[in-house]
Structures are given as structure tokens and as C-alpha cells.
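Chemist: Given the coordinates of chain A, assemble chain B onto it according to the supplied hints.
If you read the protein sequences in the order shown, they are chains A and B. If you count the first sequence from 1, position 267 lands on 283 in my numbering, and the numbers rise without skipping. If you count the second sequence from 1, position 235 lands on 250 in my numbering, and the numbers rise without skipping.
Since the hints were derived computationally from the structure, they do not count as laboratory data. Source: prediction; values computed, not measured.
Derived pair list, reagent style SDA-like, types lysine to any residue, alpha-carbon separation capped at 25 Å:
#1 B/34 x A/163
#2 A/83 x A/275
#3 A/264 x B/40
The following label-pair restraints were derived from C-beta to C-beta distances:
#4 A/133 x B/213: 53 to 61 Å
#5 A/56 x B/67: 42 to 50 Å
#6 A/54 x B/131: 51 to 59 Å
#7 B/39 x A/65: 19 to 27 Å
#8 A/56 x B/131: 43 to 51 Å
Where a beta carbon is used, it is the ideal one built from N, C-alpha and C, also for glycine.
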Amino acid sequence: MPKLPKLPAPPLPPPLREPPPRPGEANGEGGPIEDARQAGITVVDWVDERTSLSGAARWMMFRKVPKGTNWFYTLGSATMFAFLSQAVTGVFLAMYYRPDPAGGAYESIRYVTNDVFLGQFVRGMHKWGSSVMVILVFLHMGRTFFFGAYKYPRELNWVIGVVLLILTMTMSFTGYLLPFDQRAYWATIVGVNINGTGPLIGPYLSDFLRGGSEFGATTLSRFYAIHMLLVPGLLAALIGAHLYLVAKLGTTAPPWQKAETRPELRETEV
Amino acid sequence: MNQREKEEYLREYATLKAKGKPFFPYAVAKDSAMAVVVMAIIIAMSLVLGAELGSKANPTTTTYVPRPEWYFFFLFEVLRVVKPPSLVGLATIGVPTIGMILLFLLPFYDRGPERRPERRPVATITGIVVICAMAFLTYEGANAGSPTAIETTTPAAVKQAGGSTLAEYEAGKKVVAQSGCLACHKIGDNGNAGPGPNLTHIASRLPRQGIARTLVNPTAPMPSFKNLPPKKFTAIVNFLALSK
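In isolation and in its complexed conformation, chain A is listed as follows:
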């Protein structure tokens, strides 16, 4: 059957016609980039319609930071970044680690260090990252102290910060034993004994850490559980609380920053 020529489309009344492209918009079809952008917006809208998270994100990201903040104010976020780095490298180490004091622990670390692709690099990042994190925690605390940033209304945030400091030290103390080499073993024995000389709860704390009165098979798995589950969970939760309070109360202004009163409100002697 021969093809018949198509009849031209009947003229549509103006309200039914597609609007002409607006200035700045791509002519005709949007193209793949426009489609991708639309898809992204749709997904975000879908999530936001069900969670209303965009308000929280806007509240967190577009809050104002007072004038005069300097590089000292990045120490807190740098500490959190060091924590994230520790978390990521720690997950990779945990994929290989076996908390077995009979030799498995040492062997697994030896395997990571010598045989796994980039193993020594990741273990080095975890090991030295802990030092960097401790230094950053102390620098951040020093900034807070010398700028008087712990004063009203931020007292509670200071207290949370001190807990975070203690938890960080706990992390480094418990992590030190895990490679289970000579240095780790003897340093931990001494450390636990130092704990034991403490007043009142000292001996009980030592017994709890050792899992008994002697340094034994349960000690390593106990340190492992504290290092892997207990303290990281607490740290993450408290970092969240710390951040919430920072956003809620606002970043402190440097102590020498004074708000200028508007000239018409200034008191003048007559």
C-alpha cells in the first residue's frame, strides 16, 4: 500500500499550545543533563517530602558565623575529620584483625603489614592518625580555653568536649594493645597496673579491664570490644551532640571582637 501524505496537524487553540522556551532555557528537549538535574531534584523532593530534612540542612549549613573567625576555628572540624579517617581505616583493619591472644592477633597484624595490598599504609594511617587526633583535640581545647569559649551559654558543650577528650584517650589506650607485640603487651600491663594504684575504683577498674585479676585470654577481646564497639559508638553520638550544640548556640566570636553600635544610638556627652 502506498504511503499517503500526512495531513497537517489542526491548529491548536493558544491555551493548549506548549509554551515557547523561556530565555536562557535550552531550546526544545532538555537533553540528558537537564533530565539528570530534574531526576536529582525529584529524588531530593521525594525524600524531603517524607522527612523534612531540608530545613535541618539549611539550619545547619546557612547559619551565620560571626565576623572575625580565623583559622583557629577550624581545629574542631579538623578533629572530627581525623576521627572519620580513623573510623574508615579502622574498618579496613577490622576486616583482617583476629582478637586471639594465642598468636592470631599478632599474626593477623603481621599479615596486614607485610602481605595485604596497601596494608602497611592503612595501618600507618590508623596508627599516626591517632597521634594527630590527640594533638588536634588538645589544640581545639586550648583554643576554647584561651578564647573563653566555654563560658555562658556554652558550658554544657565544654563538658561534652571533656568527655570526648577522655574517650579519645581511652581509644588510644585500648588500641595500643591490639597488635599484641612486645611493646603493646608490656605497655598495657604497666598501664593497667597504673590504673590499679588509683584511689577507690582503681583496683576494680583494673580488674574490669583485664577481665579478671590476671592479664589473660579475655583481656584482649575485652580491649577489642571497647576499642571497636563501645567507645566509637559513644564518640560518634557525643560528636553529634557537640555539633548540635555548636549549631544551636552559634560559633563563638573572637573575644576581642566587639559589635559596633549604630552611630545614632551612641551616647554623647552634652
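Modeler: For chain B alone, coordinates are given in the frame of chain A:
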């Protein structure tokens, strides 16, 4: 801070904040730059310093000198310097505990409205002194000789004898310090009080032969020293036999 000062602060802060810039992107840009620096430092340290793994943990060795991670050096140094046993508990746990409590309660006893460091001389000077003290103790702890070094007053009899006896005494002291005896024994003010007996005046309780026999064939949990090179073994026996 009384109510008026609190309200003044909040009002002042509100004006400063209103004049500030939004967190995103200004503060985020700075924080990201800092994060890159931190990451670079960690990676550089990992590449340069590596991650050494010592020899496998061996609970039966007594010659290993324990060292904590460097940020506990200041505590370690306090423990090393304070030797009288009645003070050890106070120094190692008492001082850090009190420090921690003071740190926790800082915003509750320092309630003045002033925030500029130069107008809070007590707080600023205390902070600097604490930092210097911790830095000094950390430095001392890092450079400390082996914590098993023995410092004793040489017995008068040995001093009088002089010559080879004194040399034997000093040489033996070194070997004893290296051999980890102090993990379980006390010599003078050095070492731990238990589980082994105090060796300060061991020679007045045990004859030379008895000391040698105990070293070869000790009561548990003390390890036997019969595998030591004979020279070192004799040195230990010499030292202990002279400790009256």
C-alpha cells in the same frame, strides 16, 4: 555572670552573628582546606614513619622495657619520678583525677563575663603553666633513660674496699638493671615491691652460694637465669652478694 551580663552577652553576640557570613560556603571552605592538610599530614606520616610491628608478645620475658604511647609519657614520667610507694597512688591517679575534675567543672567555677585572654590573667597563666608542665614532663619522659636503671647508695663496705670490688659492684648493678629484676623486686627505692622479696640487703640474709643457687633454680614465678652468659651471671651474683 549575672542575668544582666548574660543578656548583654547574648545581645552583643546576636549583633555579631547577624553581621557574619553564612557557614556554607565560607567556613566550610576553610574547614575543607584544614581537612586536606590533616589528611596530607596523616598520609605523609604513614609513608615516612610506617607502621613497625615489634616481636610477638612474650609474657615470660623479663628484659623488656615497657614504653607507653607518647601522649601518656607525662603520666609515665610522674610515675618514674615519684618513688615512695605511699605517694605513687596520689601521683599517678590522684593528680590526673583532680586535673580531670577541675577540667570538667571549669565553666562552673570560672563564671566571670570576661573572655579576652589578656584580661583573665589567672586563667591564661594557669593554662600556659599547665601546658608547659605537660610539655616538660612529656619531653623528660621521652628522653628518660631506661626506667629500670638503678640508683642506690653504694654500701660503705664496698666503698672502703674500693678497686676491683667497687668495679664489680657497679658492673653488676648494670646487669641487674638490664635483666628486669626490678619488675618483681625492690632494690633501694627502685623497682616494684612484689611479688619477689626486697633485695636491698639480700646479702645479709643469703650467702653468695645461696644467691647463685636461687638464680639457677628459683621458686615460681621467677624465671631461671641459668641461660645467661656466665659473665653476666657472675656480675649479678657479685652485685647481690655485695648488697648488705
